[in-house]
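Novice: We have chain V already, so just place chains F, P and L with the ligands on it with the hints.
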Amino acid sequence: MNEVLEETVSIKFNRQIGKDTWLMGFRSDNLASLAKPGQFLMVHLGRTTKDPLLRRPFSIHRIQDKNQLMLLYKIVGKGTLLLSCLKEDDSISVIGPLGNGFTISKPHEKTLLIAGGMGVAPLFFLAQSLNKVQKQKITMFLGFTTSQEVILINELKDLNIDLSLTTEDGSLGITGIVTDLLDEYLDRELNSKPVIYACGPILMLKKVAQMAIASNLRCYVSLEGHMACSLGICQGCAVKANNNKNKPYYYVCQDGPVFSSEMIDWQVM
Amino acid sequence: MNEVLEETVSIKFNRQIGKDTWLMGFRSDNLASLAKPGQFLMVHLGRTTKDPLLRRPFSIHRIQDKNQLMLLYKIVGKGTLLLSCLKEDDSISVIGPLGNGFTISKPHEKTLLIAGGMGVAPLFFLAQSLNKVQKQKITMFLGFTTSQEVILINELKDLNIDLSLTTEDGSLGITGIVTDLLDEYLDRELNSKPVIYACGPILMLKKVAQMAIASNLRCYVSLEGHMACSLGICQGCAVKANNNKNKPYYYVCQDGPVFSSEMIDWQVM
Amino acid sequence: MVSQPDLSVNIGGLKIKNPVITASGTFGYGNELIPFYDPSLLGVIIVKGLSIQPMPGNPPPRIIETPCGLLNAIGLANIGIETFIEEKLPSLVKIKTPIITNIYGHSIKEYAEMAKRIESVDRIAAIEINISCPNVEKGGMAFGTDPDAAARVTDQVVKNTTKPVIVKLTPNVTDVSIIAKAVESAGAQAISVTNTFLGMAVDVATRQPKLTNIIGGLSGPAIKPMALYLVHKVVTNVKIPVIGVGGIMDYQDALEFIIVGASAIQVGTANFINPKTAIDIVRDLTDYCLKEKVSNINQIIGSLKTNGENYEKSGDKKNK
Amino acid sequence: MVSQPDLSVNIGGLKIKNPVITASGTFGYGNELIPFYDPSLLGVIIVKGLSIQPMPGNPPPRIIETPCGLLNAIGLANIGIETFIEEKLPSLVKIKTPIITNIYGHSIKEYAEMAKRIESVDRIAAIEINISCPNVEKGGMAFGTDPDAAARVTDQVVKNTTKPVIVKLTPNVTDVSIIAKAVESAGAQAISVTNTFLGMAVDVATRQPKLTNIIGGLSGPAIKPMALYLVHKVVTNVKIPVIGVGGIMDYQDALEFIIVGASAIQVGTANFINPKTAIDIVRDLTDYCLKEKVSNINQIIGSLKTNGENYEKSGDKKNK
Ligand SMILES: Cc1cc2nc3c(=O)[nH]c(=O)nc-3n(C[C@H](O)[C@H](O)[C@H](O)COP(=O)(O)OP(=O)(O)OC[C@H]3O[C@@H](n4cnc5c(N)ncnc54)[C@H](O)[C@@H]3O)c2cc1C
Ligand SMILES: Cc1cc2nc3c(=O)[nH]c(=O)nc-3n(C[C@H](O)[C@H](O)[C@H](O)COP(=O)(O)OP(=O)(O)OC[C@H]3O[C@@H](n4cnc5c(N)ncnc54)[C@H](O)[C@@H]3O)c2cc1C
Ligand SMILES: Cc1cc2nc3c(=O)[nH]c(=O)nc-3n(C[C@H](O)[C@H](O)[C@H](O)COP(=O)(O)O)c2cc1C
Ligand SMILES: Cc1cc2nc3c(=O)[nH]c(=O)nc-3n(C[C@H](O)[C@H](O)[C@H](O)COP(=O)(O)O)c2cc1C
Ligand code: FES
Ligand code: FES
Numbered sequence: 001m002n003e004v005l006e007e008t009v010s011i012k013f014n015r016q017i018g019k020d021t022w023l024m025g026f027r028s029d030n031l032a033s034l035a036k037p038g039q040f041l042m043v044h045l046g047r048t049t050k051d052p053l054l055r056r057p058f059s060i061h062r063i064q065d066k067n068q069l070m071l072l073y074k075i076v077g078k079g080t081l082l083l084s085c086l087k088e089d090d091s092i093s094v095i096g097p098l099g100n101g102f103t104i105s106k107p108h109e110k111t112l113l114i115a116g117g118m119g120v121a122p123l124f125f126l127a128q129s130l131n132k133v134q135k136q137k138i139t140m141f142l143g144f145t146t147s148q149e150v151i152l153i154n155e156l157k158d159l160n161i162d163l164s165l166t167t168e169d170g171s172l173g174i175t176g177i178v179t180d181l182l183d184e185y186l187d188r189e190l191n192s193k194p195v196i197y198a199c200g201p202i203l204m205l206k207k208v209a210q211m212a213i214a215s216n217l218r219c220y221v222s223l224e225g226h227m228a229c230s231l232g233i234c235q236g237c238a239v240k241a242n243n244n245k246n247k248p249y250y251y252v253c254q255d256g257p258v259f260s261s262e263m264i265d266w267q268v269m
Numbered sequence: 001m002n003e004v005l006e007e008t009v010s011i012k013f014n015r016q017i018g019k020d021t022w023l024m025g026f027r028s029d030n031l032a033s034l035a036k037p038g039q040f041l042m043v044h045l046g047r048t049t050k051d052p053l054l055r056r057p058f059s060i061h062r063i064q065d066k067n068q069l070m071l072l073y074k075i076v077g078k079g080t081l082l083l084s085c086l087k088e089d090d091s092i093s094v095i096g097p098l099g100n101g102f103t104i105s106k107p108h109e110k111t112l113l114i115a116g117g118m119g120v121a122p123l124f125f126l127a128q129s130l131n132k133v134q135k136q137k138i139t140m141f142l143g144f145t146t147s148q149e150v151i152l153i154n155e156l157k158d159l160n161i162d163l164s165l166t167t168e169d170g171s172l173g174i175t176g177i178v179t180d181l182l183d184e185y186l187d188r189e190l191n192s193k194p195v196i197y198a199c200g201p202i203l204m205l206k207k208v209a210q211m212a213i214a215s216n217l218r219c220y221v222s223l224e225g226h227m228a229c230s231l232g233i234c235q236g237c238a239v240k241a242n243n244n245k246n247k248p249y250y251y252v253c254q255d256g257p258v259f260s261s262e263m264i265d266w267q268v269m
Numbered sequence: 001m002v003s004q005p006d007l008s009v010n011i012g013g014l015k016i017k018n019p020v021i022t023a024s025g026t027f028g029y030g031n032e033l034i035p036f037y038d039p040s041l042l043g044v045i046i047v048k049g050l051s052i053q054p055m056p057g058n059p060p061p062r063i064i065e066t067p068c069g070l071l072n073a074i075g076l077a078n079i080g081i082e083t084f085i086e087e088k089l090p091s092l093v094k095i096k097t098p099i100i101t102n103i104y105g106h107s108i109k110e111y112a113e114m115a116k117r118i119e120s121v122d123r124i125a126a127i128e129i130n131i132s133c134p135n136v137e138k139g140g141m142a143f144g145t146d147p148d149a150a151a152r153v154t155d156q157v158v159k160n161t162t163k164p165v166i167v168k169l170t171p172n173v174t175d176v177s178i179i180a181k182a183v184e185s186a187g188a189q190a191i192s193v194t195n196t197f198l199g200m201a202v203d204v205a206t207r208q209p210k211l212t213n214i215i216g217g218l219s220g221p222a223i224k225p226m227a228l229y230l231v232h233k234v235v236t237n238v239k240i241p242v243i244g245v246g247g248i249m250d251y252q253d254a255l256e257f258i259i260v261g262a263s264a265i266q267v268g269t270a271n272f273i274n275p276k277t278a279i280d281i282v283r284d285l286t287d288y289c290l291k292e293k294v295s296n297i298n299q300i301i302g303s304l305k306t307n308g309e310n311y312e313k314s315g316d317k318k319n320k
Numbered sequence: 001m002v003s004q005p006d007l008s009v010n011i012g013g014l015k016i017k018n019p020v021i022t023a024s025g026t027f028g029y030g031n032e033l034i035p036f037y038d039p040s041l042l043g044v045i046i047v048k049g050l051s052i053q054p055m056p057g058n059p060p061p062r063i064i065e066t067p068c069g070l071l072n073a074i075g076l077a078n079i080g081i082e083t084f085i086e087e088k089l090p091s092l093v094k095i096k097t098p099i100i101t102n103i104y105g106h107s108i109k110e111y112a113e114m115a116k117r118i119e120s121v122d123r124i125a126a127i128e129i130n131i132s133c134p135n136v137e138k139g140g141m142a143f144g145t146d147p148d149a150a151a152r153v154t155d156q157v158v159k160n161t162t163k164p165v166i167v168k169l170t171p172n173v174t175d176v177s178i179i180a181k182a183v184e185s186a187g188a189q190a191i192s193v194t195n196t197f198l199g200m201a202v203d204v205a206t207r208q209p210k211l212t213n214i215i216g217g218l219s220g221p222a223i224k225p226m227a228l229y230l231v232h233k234v235v236t237n238v239k240i241p242v243i244g245v246g247g248i249m250d251y252q253d254a255l256e257f258i259i260v261g262a263s264a265i266q267v268g269t270a271n272f273i274n275p276k277t278a279i280d281i282v283r284d285l286t287d288y289c290l291k292e293k294v295s296n297i298n299q300i301i302g303s304l305k306t307n308g309e310n311y312e313k314s315g316d317k318k319n320k
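Chain order of the listed sequences is V, F, P and L. Position 212, counted from 1, in the first sequence is what the working numbering calls 212; the numbers after and before it change by one each time, with no gaps. Position 122, counted from 1, in the second sequence is what the working numbering calls 122; the numbers after and before it change by one each time, with no gaps. Position 31, counted from 1, in the third sequence is what the working numbering calls 31; the numbers after and before it change by one each time, with no gaps. Position 269, counted from 1, in the fourth sequence is what the working numbering calls 269; the numbers after and before it change by one each time, with no gaps.
Chain V on its own, in the form it takes in the complex:
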């Protein structure tokens, strides 16, 4: 097992950057030095209350200035609402870094990052890291429902990424969903044999994975799961394994959150 810490950190900033979307930063030398792209943290919100009860998982979104970690999150329920109420100097307890993280492609490989909505959170950190090792420009497809949700465009451009954007309502970028871009790309550039990294809604991931499997491409998807412990203890975050007799279920917190696309039984998803 990798090294895991519990640390109380003091929030440096916590600000809204898009529709219901917030960016939070804090410093931690230990976590920053251990963290790999695709790993996540468990954040404890209930210092003064037992509701919400459980910690909430958030991907490590970015590491900056050596020791500043950032979380990118969307308000979807009471935990994330409480998180958005925290202000500079408030402290939170985090556990991490957790999970396996992405397998980094080789320097000569073509890499394609596909993010749906908040899926961009871990892929940003991945892009930061890939940039350091990759010879070819990274390609990224980014999909949102509508222009108000679109975030991080400038920051991603600063990373010198080949970026394409879709919105479902066409209010910004190409009209459609992010997998449309993949369709097109595979028609055009299948021969480049890209390594695909994807994070986003489960149905998007299913589509990406199935396309990758059909095209015989290496593809890593970052999954979510309902987590209690995040340490492989509770067996709550199960996801059905594809044809693995020894292990009918993987656990997202330990075996994942990143899975190679053929590991998962996509039928039941």
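Treat the hints loosely; a few may be bogus.
Claimed, not checked - In silico lysine-lysine, BS3-like type, Cα no more than 30 angstroms apart, as pairs:
no. : chain 1 : residue 1 : chain 2 : residue 2
1   : L       : Lys-109   : L       : Lys-94
2   : P       : Lys-291   : V       : Lys-19
3   : L       : Lys-15    : L       : Lys-94
4   : F       : Lys-78    : V       : Lys-74
5   : F       : Lys-74    : V       : Lys-78
If you're looking for bench data, these hints aren't it; they were derived computationally from the structure. All values reported here derive from a predicted model rather than from experimental measurement.
Specialist: Just chains F, P and L with the ligands now, with coordinates in the frame of chain V:
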């Protein structure tokens, strides 16, 4: 039943003024115009959480500038801890004004206010009001455990009150408990037949009430009780009545929180 | 203009304009919350549990907060059925909502006597029988935990009234469906699920129970998952309508119970926290139906889907 | 210097250095929390419930958060007793804390077989029998809700082992003391109270149960008042030591159970929220004893005062 409102108010300030003791202010024309000394508000703390579940009762501590209400509170548990985390412009829902409030003495009557610890909260508002009608100077006995807890001395002096202070450890004022002062006072000035108003820990109130009964003095005590509804519905906040066949229990939220000392069965307290 | 959805449901013969009911013991004698809204907007008001004789209740403390829960040992403090009818009921004349009395007896005979007394009172629309109060030492507990006793109480009340009889079950049993079926067979027209769960709390500093009564009944959001499970179990075992109670704080909680198969819901502890809860739920259910294009709330009752199937196929018929 | 208080207690013959135990299913196979502290500091480690054959568990979602509660339908996913003994147990060699296996069988025969298998394993100090798992359709539920079945399981396990046998009860019964007395008579040396409460949750948007298994077991702070009541009821009805479990988050929660009469406590769901909970409780209980001048924790067990009386007079004897 008196008029009762539910209102969401925006906090103007919320600051620590003594050991674990906080003062919070907000504006409400409606509540300020309805409120009487001795009444209280039910404050809802859990906008984003269900724990704490119930509203918490706080006396109306002061009314200033026509429409500014203040609460004075001590951190004793999770609700008051959460309350102290609120900042300017945060909003809370309050219900009130609740309860009967103090019966104001007649202009010529001598009044004696006895506060133990947070008991000073409603007595401050009472002193403000009595000052407007009383011909004689108000006397107030104020007791705390230790000097660090002592608060509001200057504000009370500004009200031109005849003030005596005790601390149990003698770190400020007279060494002892506040009822010692009453003992002495009754020895000295029983003939002035003061009307006594008391608020504080239950054992202090019991002592004050029993002394008042023994000396045949009018005495009003403000009690606490575990409250759920604050509207006479749940029958949770019961307090044993003294010799009342029709009503074995009074309800602090409706029949009180202020009771004339002979109404209560002090034996079971 | 969109037409308003039909929220009316039928509770064992009593047709009510919407499925939102205030739970016994959490809404006083019917008009205490008038400062906050017009109770005429509610589906039903169930008043504080009544006994033949007034009852003083337990010594304080009677209530304690627990994590997301409320532990109470009120001890059925009430003014007695006679005083209620004579002094409280007349003041409810302006409220255009059916009143249901919740009754509690120390013996089967007392239940029967109360039913008889209520029979002559037009203003009372139905009777809810509390066979589940955990706070009173004698009797109460026994009736609700034993199918025969529960059936006998039900039978005696049904025999002494023409009004619909609702039996309110206790959750503190091994198999709630056995009790449910027993009271259904005995003639109950509807079932309320659930009363409070037995609980306790200790003051560590004094090493004394926090409630003078030692044991209390737990209500509030903490019990919602358990109440929902019990409703699920009862609706799949009886044909009469079921009223869901337990931890309902908003319209989404209410919908969970309705989807599982409750024909109506009761709001209890939530009345203490936000006095407008019940009326907010009526408004929000209306909005929900409009948004989801549900013209009649009966379409949602028992619409729980399991493995793509409509689980509670019989949900709809219960309200016809 | 002040001498350290004696926190050791005796659980049915097993003497342990302190009364803090990690609950089955919430501490993995024993060493998962090593990044956070040395498990040797714990009183006992109870490992994940084991069956004869490995079990895959239920399809996800398996866990859902409810107000102050956790609803789980893991479905007893486990690697099986054999793999545990061969692959996991050896890695616990450095941990200086007794290991207890929690066992679950589909039949009485399976329970007996597991007891036999464990008998030969020195490293396992005692057996906790799970007769209460609410998540597995067949068998499990029945044993824990029926006194005869519970007694038969206990009897068969006791007959096949010389190790102390602890029976873990289900709360989903009308009268827990009947089951407790039955397993005591059948030879159980201690009783754990309680396993999870049956519960359910519905996704209003999809109208589907939130758990694929539909029904789950509720744990966490929400259940604490109920668990405490059940412990109270059991300690007043049996003579063997009782282990309190349910919603314990800190040393004050632990003390509530101990004051009521629990000789030890288990930490479950709290391990997920603050992985150091159990060890914090050990530290805080020590500090509490020092502050309150309690030289031996047995002085607190069953020290509940009701009406000025020491309620559980027999509390002390249980640990001698
Ligand atoms: C490994 C991992 C990494 C994640 N990274 C991020 C991130 O970087 N940014 C971000 O915004 N979100 C991320 N999430 C999702 C995030 O954890 C949930 O949005 C959050 O826990 C919701 O908490 P809440 O209290 O606000 O919502 P709740 O009130 O708990 O739930 C609101 C809704 O969200 C659903 N939900 C709750 N928890 C989860 C979950 N774990 N997985 C899927 N659905 C859930 C509920 O079913 C419900 O529909 C991640 C999840 C995982 C498992
Ligand atoms: C009419 C009335 C007026 C009050 N006015 C004030 C005031 O002006 N300033 C102030 O600081 N406090 C006041 N109180 C007390 C205040 O309501 C409690 O301190 C507060 O509710 C505690 O909440 P908590 O969540 O912080 O503590 P909890 O965690 O709920 O409890 C902490 C401790 O306080 C005790 N406690 C909790 N609620 C009450 C209660 N209602 N009565 C007595 N003990 C209780 C608990 O038993 C426990 O020991 C008043 C109480 C009443 C009934
Ligand atoms: C303070 C209080 C008093 C209650 N009194 C009664 C009663 O008199 N009769 C009854 O049948 N139920 C009574 N109940 C139970 C409620 O009607 C309801 O069944 C229970 O509280 C669960 O619902 P809730 O979680 O919404 O509160 C009472 C509950 C509370 C909290
Ligand atoms: C995820 C999870 C898995 C559990 N697995 C088991 C188990 O295998 N065997 C068992 O006897 N109890 C099991 N339990 C029950 C706990 O051991 C404990 O009795 C219960 O959770 C109540 O305690 P708590 O509120 O502290 O969690 C499990 C509980 C949880 C939350
Ligand atoms: S969250 Fe507990 S095993 Fe993954
Ligand atoms: S708090 Fe409900 S009656 Fe007083």
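Novice: Confirm or reject each hint.
Specialist: Structure-based check of all given hints:
The straight-line distance between the Cα atoms of Lys-109 of chain L and Lys-94 of chain L is roughly 33 angstroms, outside the 30 angstroms bound, and the hint therefore fails. Pair hint Lys-291 of chain P plus Lys-19 of chain V holds up; C-alpha atoms about 22 angstroms apart against a cutoff of 30 angstroms. The suggested pairing of Lys-15 of chain L with Lys-94 of chain L holds, with an alpha-carbon distance near 19 angstroms, which does not exceed 30 angstroms. For the hint pairing Lys-78 of chain F with Lys-74 of chain V, the CA-to-CA distance comes to about 27 angstroms; that is within 30 angstroms, so the pair holds.
Among the hinted pairs, Lys-74 of chain F with Lys-78 of chain V is consistent with the structure: their alpha-carbon atoms are about 27 angstroms apart, no more than 30 angstroms.
Going through the hint list in order, the structure does not satisfy hint 1, though it satisfies all others.
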